[in-house]
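For what it's worth, my numbering labels the leading residue of the sequence shown as 70, then goes sequentially.
Heads up, a few of these hints could be off.
Stated by the list, open to error - Below, computed lysine-lysine pairings styled on PhoX-like, alpha-carbon distance capped at 25 Å:
{"hint": "1", "residue 1": "K179", "residue 2": "K202"}
{"hint": "2", "residue 1": "K98", "residue 2": "K161"}
{"hint": "3", "residue 1": "K174", "residue 2": "K197"}
{"hint": "4", "residue 1": "K174", "residue 2": "K132"}
{"hint": "5", "residue 1": "K161", "residue 2": "K132"}
Hint data in this document are derived by calculation from the structure and do not stem from the laboratory.
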Amino acid sequence: MRPHVILNAGVTADGKIATRTGDSAISSKEDLERVHRIRESVDSIMVGIGTVLLDDPRLSIHKIASDAENPIRVVADSRARIPLTARMFNEKGTTIIAVSAKADKERVRKIEERAEIYVCGAERVDLKCLMRKLYRRGVRTLLLEGGGNLNYGMLRSGLVDEVRFAIAPRL
């Protein structure tokens with residue numbers, strides 16, 4: 070068993086998840102509010118380490134007025150590279166960092182002071198293993214806000230149930 074996974078992405082008019090200059094902030098204010106309403110309705114939000122290193126997201130509900138608890142934040146980070154100063158660690162709620170068995174053990178110990186650690190996979194995060202562990206933890210719905218690599222991995226593994234795109238009038 071695994072959570073129901075909703076892949077959500079803002080895309081440019083030519084179907085890219087970043088502009089030609091590499092800017093991934095392509096969503097409008099209205100779309101950001103829509104995403105936060107989705108966050109309100111799911112058990113967890115997942116991104117990959119690339120998104121964390123590029124955008125330092127909070128992965129919380131903060132663009133709309135809401136009494137809902139923040140969803141569980143999940144980061145796929147094979148090598149435990151997440152900065153210990155990442156903004157998500159300052160938000161209320163639970164954070165889970167999924168690492169591979171190859172992640173540096175000392176680095177993992179430091180991260181464990183701020184987040185739960187799930188070891189899934191030998192070299193890379195095994196996404197099917199991660200989904201099973203999240204389901205066992207009680208996660209029934211997961212909002213995937215990944216970049217190209219994580220989205221591709223989840224799609225290739227047959228782990229995406231629903232796709233939602235917001236198309237921005239940008240290139």
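query: Does the alpha-carbon distance linking K174 and K132 stay inside the 25 Å limit?
result: 36 Å, violated
query: Does K179 pair with K202 here, judged by a C-alpha cut-off of 25 Å?
result: The given pair, whose Cα atoms are some 22 Å apart, holds under the 25 Å limit.
query: Between K161 and K132, is the straight-line Cα distance small enough, at 25 Å or below?
result: Holds. K161 to K132 sits at ~15 Å (cutoff 25 Å).
Restraint check for K98 with K161, where alpha carbons must lie at most 25 Å apart: 23 Å, holds
task: Would you mind confirming whether the straight-line C-alpha gap from K174 to K197 stays at or under 25 Å?
output: 23 Å, holds
The structure is inconsistent with hint 4 alone, although it conforms to all the rest.
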